[in-house]
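Undergrad: One letter stands for each residue in the lines below.
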Amino acid sequence: GESVGLHLPTLSVQEGDNSIINCAYSNSASDYFIWYKQESGKGPQFIIDIRSNMDKRQGQRVTVLLNKTVKHLSLQIAATQPGDSAVYFCAENSGGSNYKLTFGKGTLLTVNP
Amino acid sequence: GAGVSQSPRYKVAKRGQDVALRCDPISGHVSLFWYQQALGQGPEFLTYFQNEAQLDKSGLPSDRFFAERPEGSVSTLKIQRTQQEDSAVYLCASSLVPGGAYEQYFGPGTRLTVT
Chain P
1 GESVGLHLPT
11 LSVQEGDNSI
21 INCAYSNSAS
31 DYFIWYKQES
41 GKGPQFIIDI
51 RSNMDKRQGQ
61 RVTVLLNKTV
71 KHLSLQIAAT
81 QPGDSAVYFC
91 AENSGGSNYK
101 LTFGKGTLLT
111 VNP
Chain W
114 GAGVSQSPRY
124 KVAKRGQDVA
134 LRCDPISGHV
144 SLFWYQQALG
154 QGPEFLTYFQ
164 NEAQLDKSGL
174 PSDRFFAERP
184 EGSVSTLKIQ
194 RTQQEDSAVY
204 LCASSLVPGG
214 AYEQYFGPGT
224 RLTVT
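Residue numbers (the numbering used here), protein chains in the order written: chain P, 1 to 113; chain W, 114 to 228.
No lab work stands behind these hints, which were simulated from the structure alone.
Treat the hints loosely; a few may be bogus.
Said to hold, decoys possible - Computed cross-link-like contacts, SDA-like style, restricted to lysine to any residue with a CA-CA straight-line distance of at most 25 Å:
hint, chain 1, residue 1, chain 2, residue 2
1, W, K170, P, N98
2, P, K42, P, T63
3, P, K100, W, S120
4, P, K105, P, G59
5, P, K100, W, G141
6, P, K68, P, P82
7, P, K100, W, V125
8, P, K100, P, A78
9, P, K42, W, K124
10, W, K191, P, G41
11, P, K100, W, N164
12, P, K105, W, E184
13, P, K105, W, G141
14, P, K105, W, L173
15, P, K42, P, P113
16, P, K100, W, S171
17, P, K68, W, K191
18, P, K100, W, E184
19, P, K68, W, R224
20, W, K127, W, N164
21, W, K124, W, Y218
22, W, K170, P, G59
23, P, K100, W, D137
24, P, K105, W, N164
25, P, K100, W, T228
26, P, K100, P, M54
27, P, K100, W, V143
28, P, K71, P, L11
29, P, K42, W, V125
30, W, K124, W, P211
31, P, K105, W, Q196
32, W, K170, P, S26
33, P, K56, P, P113
34, P, K42, W, E198
35, P, K105, W, V143
36, P, K56, W, F179
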């Protein structure tokens with residue numbers, strides 16, 4: 001859901017479960033999307049990206065799905081581990097520049113052992 | 114080190130003081146970005162350098178914010194006459210290629226608290 005002020009959307013899962021983190025993006029002209037993981041006290045870390053000419057891309061334990069019709073992006077993490085606990089951000093590269101990223105509000109993922 | 118480094122990691126400033134935040138990008142990276150991240154929010158773009166040229170400063174909140182990268186490597190973000198609303202984490206990122214929206218490597222950030 002939407003976050004208000006300091007309250008991030010949160011997702012709590014059990015270790016070994018699959019996690020799905022969702023993101024709605026704003027600009028229909030965006031053609032490149034990235035998922036970042038941010039642990040406490042650290043900068044965002046690249047996880048996986050996808051271009052607008054694709055609807056699915058898989059990495060190691062992660063899959064990104066893109067639905068351009070409804071401007072929705074999701075990150076699926078298989079067999080979630082305690083080390084996956086972090087805030088996850090989606091970012092979009094809007095048309096008009098080839099470098100500027102617009103980040104979403106983030107989702108806090110907590111993995112319970 | 115192999116990653117982007119930033120210093121100081123934490124900075125406390127009294128309102129009205131000037132601060133300077135340093136970023137050491139990955140060696141050889143052409144593109145350098147500064148972002149501001151408020152508590153509980155995603156990073157917001159401040160400015161972009163390609164080598165020593167500042168190609169975009171559209172995200173700088175006011176003329177109290179100034180960034181430079183004089184030799185195309187280390188960059189400094191300076192904030193003059195700090196205000197409480199400047200309190201945030203300031204992130205630096207670098208990318209190997211010009212205009213690299215992809216593969217931006219982020220530093221750990223500098224947490225600025227203005228009292």
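Undergrad: Please go over all the hints and tell whether each is borne out by the structure.
TA: We went through each hint and held it up to the structure:
{"no.": "1", "hint": "W:K170 / P:N98", "in the structure": "holds (15 Å)"}
{"no.": "2", "hint": "P:K42 / P:T63", "in the structure": "holds (23 Å)"}
{"no.": "3", "hint": "P:K100 / W:S120", "in the structure": "holds (24 Å)"}
{"no.": "4", "hint": "P:K105 / P:G59", "in the structure": "holds (23 Å)"}
{"no.": "5", "hint": "P:K100 / W:G141", "in the structure": "holds (20 Å)"}
{"no.": "6", "hint": "P:K68 / P:P82", "in the structure": "violated (31 Å)"}
{"no.": "7", "hint": "P:K100 / W:V125", "in the structure": "violated (29 Å)"}
{"no.": "8", "hint": "P:K100 / P:A78", "in the structure": "violated (30 Å)"}
{"no.": "9", "hint": "P:K42 / W:K124", "in the structure": "holds (16 Å)"}
{"no.": "10", "hint": "W:K191 / P:G41", "in the structure": "holds (22 Å)"}
{"no.": "11", "hint": "P:K100 / W:N164", "in the structure": "holds (16 Å)"}
{"no.": "12", "hint": "P:K105 / W:E184", "in the structure": "violated (34 Å)"}
{"no.": "13", "hint": "P:K105 / W:G141", "in the structure": "violated (31 Å)"}
{"no.": "14", "hint": "P:K105 / W:L173", "in the structure": "holds (20 Å)"}
{"no.": "15", "hint": "P:K42 / P:P113", "in the structure": "holds (23 Å)"}
{"no.": "16", "hint": "P:K100 / W:S171", "in the structure": "holds (11 Å)"}
{"no.": "17", "hint": "P:K68 / W:K191", "in the structure": "violated (39 Å)"}
{"no.": "18", "hint": "P:K100 / W:E184", "in the structure": "holds (22 Å)"}
{"no.": "19", "hint": "P:K68 / W:R224", "in the structure": "violated (36 Å)"}
{"no.": "20", "hint": "W:K127 / W:N164", "in the structure": "violated (33 Å)"}
{"no.": "21", "hint": "W:K124 / W:Y218", "in the structure": "holds (22 Å)"}
{"no.": "22", "hint": "W:K170 / P:G59", "in the structure": "violated (34 Å)"}
{"no.": "23", "hint": "P:K100 / W:D137", "in the structure": "holds (20 Å)"}
{"no.": "24", "hint": "P:K105 / W:N164", "in the structure": "violated (30 Å)"}
{"no.": "25", "hint": "P:K100 / W:T228", "in the structure": "violated (31 Å)"}
{"no.": "26", "hint": "P:K100 / P:M54", "in the structure": "holds (20 Å)"}
{"no.": "27", "hint": "P:K100 / W:V143", "in the structure": "holds (15 Å)"}
{"no.": "28", "hint": "P:K71 / P:L11", "in the structure": "holds (21 Å)"}
{"no.": "29", "hint": "P:K42 / W:V125", "in the structure": "holds (18 Å)"}
{"no.": "30", "hint": "W:K124 / W:P211", "in the structure": "violated (31 Å)"}
{"no.": "31", "hint": "P:K105 / W:Q196", "in the structure": "holds (24 Å)"}
{"no.": "32", "hint": "W:K170 / P:S26", "in the structure": "holds (22 Å)"}
{"no.": "33", "hint": "P:K56 / P:P113", "in the structure": "violated (29 Å)"}
{"no.": "34", "hint": "P:K42 / W:E198", "in the structure": "holds (22 Å)"}
{"no.": "35", "hint": "P:K105 / W:V143", "in the structure": "violated (28 Å)"}
{"no.": "36", "hint": "P:K56 / W:F179", "in the structure": "violated (40 Å)"}
When held up to the earlier numbered hints, the structure conflicts with 6, 7, 8, 12, 13, 17, 19, 20, 22, 24, 25, 30, 33, 35, 36 and fits the remainder.
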